[in-house]
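J.: Each chain, written out:
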Amino acid sequence: MEQVRKDFPALHQTVNGRPLVYLDNAATAQKPEAVIEAIRSYYLNDNSNVHRGVHTLSQRATDAFEAARVKIAGFIGANSPREVIFTKGTTESINLVAYSFGGSLSAGDEILVSEMEHHSNIVPWQLACERTGAVLRVIPVLNEGELDWEAFLALLSKKTRLVAVTHVSNSLGTINPVREIISEAHQRGIPVLLDGAQALPHSTVNVSELDVDFYCFSSHKMFGPTGFGVLFGRERLLDAMPPYQGGGDMIEIVDFSGTTYNSLPHKFEAGTPHIAGAIGLAAALDYVNYVGFEFIENQEKDLLLYATQRLMSIDGVRIVGEAKQKAAVVSFLIGSSHPYDVGTILDKFGIAVRTGHHCTQPLMKRLGIPGTVRASFSFYNTRSEIDQLETAVRQAASMLQ
Amino acid sequence: MSQSDRIDQRAAVLLDEFAMFDDWVDRYQYVIDLGKELTAMDDAYRTDAFKIQGCQSQVWLQPCEEDGLVYFKADSDAQITKGLIAILLRILNHTPAREVAQSDLSFLDSLELKEHLSPTRKNGLDAMIRQIRLYAAAIEAKAIST
Ligand SMILES: Cc1ncc(COP(=O)(O)O)c(C=O)c1O
Chain A
1 MEQVRKDFPA
11 LHQTVNGRPL
21 VYLDNAATAQ
31 KPEAVIEAIR
41 SYYLNDNSNV
51 HRGVHTLSQR
61 ATDAFEAARV
71 KIAGFIGANS
81 PREVIFTKGT
91 TESINLVAYS
101 FGGSLSAGDE
111 ILVSEMEHHS
121 NIVPWQLACE
131 RTGAVLRVIP
141 VLNEGELDWE
151 AFLALLSKKT
161 RLVAVTHVSN
171 SLGTINPVRE
181 IISEAHQRGI
191 PVLLDGAQAL
201 PHSTVNVSEL
211 DVDFYCFSSH
221 KMFGPTGFGV
231 LFGRERLLDA
241 MPPYQGGGDM
251 IEIVDFSGTT
261 YNSLPHKFEA
271 GTPHIAGAIG
281 LAAALDYVNY
291 VGFEFIENQE
301 KDLLLYATQR
311 LMSIDGVRIV
321 GEAKQKAAVV
331 SFLIGSSHPY
341 DVGTILDKFG
351 IAVRTGHHCT
361 QPLMKRLGIP
371 GTVRASFSFY
381 NTRSEIDQLE
391 TAVRQAASML
401 Q
Chain B
1 MSQSDRIDQR
11 AAVLLDEFAM
21 FDDWVDRYQY
31 VIDLGKELTA
41 MDDAYRTDAF
51 KIQGCQSQVW
61 LQPCEEDGLV
71 YFKADSDAQI
81 TKGLIAILLR
91 ILNHTPAREV
101 AQSDLSFLDS
111 LELKEHLSPT
121 RKNGLDAMIR
131 QIRLYAAAIE
141 AKAIST
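Going down the list, the protein sequences come from chains A and B.
Counting in the numbering used here, the first sequence runs from 1 upward without gaps.
Counting in the numbering used here, the second sequence runs from 1 upward without gaps.
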């Protein structure tokens with residue numbers, strides 16, 4: 001454990017005179033030394049533009065960039081690196097699908113999302129619906145924070161063109177039954193997009209085994225750099241989709257009488273890409289493989305149970321989101337105190353948590369609360385940090401009652 | 001009383017009070033307690049039009065005027081935020097509009113609540129101060145034109 005923590009330089013600092021307790025991993029994860037070093041080494045030694053030069057540096061940068069794609073494809077179990085599109089992050093991945101796949105929607109078609117979606121899996125679909133006259137339908141969420149399964153089945157119809165749901169809820173930690181969702185949708189010939197932003201950092205994801213059609217995630221939540229992410233798409237679907245943005249790299253031949261497009265994945269990657277981002281994410285995946293998902297899952301399961309237990313032992317604390325299957329995320333409230341007040345006091349203890357609606361306003365509205373205090377764990381967190389969280393929450397409860 | 005004396009004197013009293021606390025727990029508890037003493041605002045003003053934008057919690061500010069002096073009533077659903085407004089209003093209420101609009105609030109730096117002073121802080125004092133000044137400037141402009 002101590003060894004793992006040593007790998008993350010940013011964990012070792014004091015905040016407000018206390019050792020930092022970083023429990024905001026769902027917002028962004030800290031970066032291991034290996035990732036920082038890979039990015040540094042790229043800029044120190046290989047920096048050059050990709051795909052365009054015959055010179056040695058450009059070749060090295062292109063090799064490293066495309067090797068990252070192969071590594072990422074392998075990590076998520078894609079059939080081919082052509083199915084791995086580089087983006088700015090989950091948000092852009094979803095926007096790409098909503099724009100490009102969404103362009104084929106007609107009036108009356110339906111897109112199915114859930115009430116627990118991050119705004120980035122709602123707003124792009126609202127825009128697509130505005131452009132095409134398609135209709136956004138919403139799977140309701142039950143009180144414990146699980147999808148209403150009966151309602152989901154009832155919402156699937158001949159008009160449904162895509163089911164777009166989150167794999168893991170960022171606000172509540174709920175792990176959705178994605179295999180069953182995909183199976184039900186596929187039985188009706190409907191493709192499925194999963195927002196994997198909160199899933200990939202916590203457990204093995206294999207897109208081929210899942211048989212999912214689109215899978216989106218962000219590098220920065222996965223111990224890699226910000227500004228980089230991935231859209232996995234089934235090759236057949238990506239091939240049929242028009243380009244998302246136009247520019248360099250995504251073309252085959254440009255002529256004023258008509259332009260032809262590059263093949264996958266470059267068709268969807270206009271402009272100079274985030275080369276260091278790809279290299280950084282590849283290093284992050286190597287690091288995660290080195291730590292191993294067995295360790296990660298065990299550690300996080302323990303932290304989730306322990307944190308839930310410690311927080312529930314405090315008078316007035318209520319856990320928000322009690323799904324049977326949860327990732328290492330604990331949202332809670334103290335009595336009727338505003339999450340902002342609690343977060344402010346926790347910060348004085350050097351504890352970083354997130355407060356507010358977590359970009360899931362419809363979910364907060366459904367639950368009838370202005371927001372929550374969210375502690376989200378990573379494998380580098382410890383029970384002792386949860387003890388410090390408990391102490392701080394007790395202090396907040398006594399000050400705010 | 002001359003212009004800024006009024007504000008400066010009130011600020012000095014407040015600073016003395018805060019000087020009694022030697023740790024942040026007591027300081028924050030005092031902020032929270034000040035919030036509890038805030039004069040209730042009229043329900044008619046608890047609307048979006050009187051909400052301060054860009055705060056994580058809800059903050060409403062009701063401008064009032066009496067005998068040429070401005071004062072404010074306010075409320076928030078977050079207790080620390082409410083306490084911060086209470087501090088501002090203790091200094092600025094019942095003051096000529098022009099003094100409020102031009103007030104020097106640098107004393108806030110000494111309250112050791114500096115984490116609330118950053119303009120990027122949602123719920124920060126910054127947004128509240130800006131709104132208070134805007135109201136004061138509008139009241140002053142109206143007074144001049146009538
Ligand atoms: C479930 C979920 N979806 C999407 C996003 C958006 O990710 P990004 O801001 O990296 O594009 C987040 C991150 O906040 C998230 O938690």
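These aren't lab readings, by the way, just hints derived from the structure by calculation.
Predicted, not measured: the structure shown is a model, and the values here were computed from it.
One or more hints might be untrue.
Unchecked claim - According to the in silico footprint, chain A covers these stretches of chain B (three or more CB under 8 Å from chain A):
#1 26-38
#2 78-85
Said to hold, decoys possible - When the alpha-carbon atoms are kept at most 30 Å apart in a straight line, the in silico DSS-like pairs for lysine-lysine are as follows:
#3 A:K348 with B:K73
#4 A:K365 with B:K73
#5 A:K348 with B:K36
To be verified - Pairwise CB distance ranges, derived in the manner of DEER restraints:
#6 A:G368 with B:S106: 33 to 43 Å
#7 B:D126 with A:E33: 51 to 61 Å
#8 B:E115 with A:A34: 28 to 38 Å
#9 B:D109 with A:K6: 35 to 45 Å
#10 A:I369 with B:D23: 28 to 38 Å
#11 B:E115 with A:I36: 36 to 46 Å
Virtual Cβ for every residue (Gly too), placed ideally from N, Cα, C.
J.: A separate judgement is required for each hint: does it hold in the structure or not?
T.: So, going through the hints one by one against the coordinates:
1. Given as covered by chain A, the region 26-38 of chain B passes the check, having 3 residues with a CB less than 8 Å from a CB of that chain where 3 are the minimum.
2. Under the rule that three or more residues need a Cβ within less than 8 Å of chain A, the assignment of the region 78-85 of chain B holds, with 4 such residues.
3. Between A:K348 and B:K73 the alpha-carbon distance is near 29 Å, which keeps this suggested pair within the 30 Å criterion.
4. Between the alpha carbons of A:K365 and B:K73 the distance comes to roughly 28 Å, so the proposed pair stays at or under 30 Å and holds.
5. A C-alpha spacing of about 21 Å is found between A:K348 and B:K36, which places the hinted pair at or below 30 Å, so the restraint holds.
6. Range check, A:G368 to B:S106: Cβ separation about 42 Å, and the 33 to 43 Å hint holds.
7. Distance hint check for B:D126 and A:E33: the Cβ-Cβ separation is about 37 Å, which falls outside the suggested range of 51 to 61 Å.
8. As the Cβ distance of B:E115 to A:A34 is approximately 33 Å, the hint placing it in 28 to 38 Å holds.
9. Checking the proposed 35 to 45 Å range against B:D109 and A:K6 shows it holds: the Cβ atoms sit about 38 Å from each other.
10. Between A:I369 and B:D23, the C-beta spacing of about 31 Å keeps the proposed range 28 to 38 Å intact.
11. A hinted range of 36 to 46 Å for the beta carbons of B:E115 and A:I36 is inconsistent with their spacing of about 28 Å.
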